[in-house]
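Colleague: Sequence:
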Amino acid sequence: MASTSSLRLPGVAHRPSRPSSGTHDRWSWGIGRLFGIEVRVHATFPLLLVWVAMNHLMAHQGLAAAAIGVAFILAVFAIVVLHELGHALTARRFGVRTRDITLLPIGGVARLERMPSKPWQELLVALAGPAVNVVLALVLLLVLLAKGAVEEATSVALVGGPLLGRLLWFNVGIALFNLLPAFPMDGGRVLRSLLAMRVSYVRATDIAARVGQVLAVVFGIVGLFSNTFLVFIALFVWVGARAEARLARVHASLSGVPVWRAMVTRFAAVAPDAHLAEVAHSMLTGFQGDLPVVDGGRLVGVLAREDVLRAAREGDQGGDVASSMRRDVPALDADDGLDLAMDRLLASGMQSLPVVHEGQLVGVLPMETVAYVLQTARLEGAQEA
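With our numbering, letter number 247 in the sequence shown gets 247, and the count goes up by one each step, no holes.
For the record, the hints were derived by calculation from the structure and aren't laboratory data.
Worth double-checking, as some hints may not be accurate.
[What the hints assert, rightly or not] Pair by pair, the computed Cβ-Cβ distance ranges are:
1. 73 - 297: 45 to 55 Å
2. 31 - 359: 35 to 45 Å
3. 358 - 134: 44 to 54 Å
4. 246 - 36: 28 to 38 Å
5. 95 - 203: 32 to 42 Å
6. 142 - 239: 34 to 44 Å
7. 367 - 295: 33 to 43 Å
This one's a predicted model, so the numbers in the text were calculated from it and none came from an experiment.
Glycine is no exception: its CB is placed at the ideal position from the N, C-alpha and C atoms.
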């Protein structure tokens, strides 16, 4: 393995650190943690609650109806969080971390570090979300039957009607919708994982993507003559299918290539007690995007260029590196595959990740280098064809 050459930037006395700014979208904020996974809400989410309340009030339905409408939306998104937790906690059983779960007006997104590599594991992760909805629907059904509310339990309604009955059928609807065999829904991953037990992962993804695109065409045609919302779903499915197929080909191109073959071994590292203003000047005029932070030879964090830029804009460069570095950035092992490395890079939101080997920092892996390896692999494949 190539030797490491690093440059340490100047440092000053250590000062109390503040929490890392992390890798999150600045338009979202955390509302708590469930099973160690941060739950975040996008800034646009409250607009949905305001819109629902205003709709009831403008229809002269009163404050009580508006409150019930908002309560229904909040309950729906609690169900969405539980659905995403089903995926996240099952993925955790297979060693896959979830960075966070973010609530958007159109639903929830769980940022898994990657999908499990074995088809049967992906199958279980994909089924876990709809399984949560099935369990919730059964619980609500039993509650309604215990109350003697048979009509409420059997009346299919998402708009109007008693709250528990609407939540029951929402769970049924979201489970069925997510099991449609089309990316990016869970059913597309279920189909892909079943196919991958018989054919290659790329081939399985291509087949599942084509099935999804056929469904998208059907939704689009039906939507043009009945419900325009189906046209939106058709576009969503078509784009999701193409993106999933493209990502599978990228993984196949990078599979088998170790990180050490692509990492940069001439890199700068910085001490946690380095003065942020001095480091910022060197960082913003240099070539390296993000800086590993090393204390006594041990990797303790990463100083991201975007955090330095934000500190400069806000005039907050009086502290040390430890006050602005990110502590939860995953490190790569030099022997990891580039396909796994790319997943971690994308999930982290960083421009590069530190690379360690036998406990020592030996390099950094920028996304640009991964892109270069991928482009080279594509050119070689084209020449062979």
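Colleague: Go through the numbered hints given earlier and state which of them the structure violates, listing their numbers in rising order.
Modeller: 5, 7
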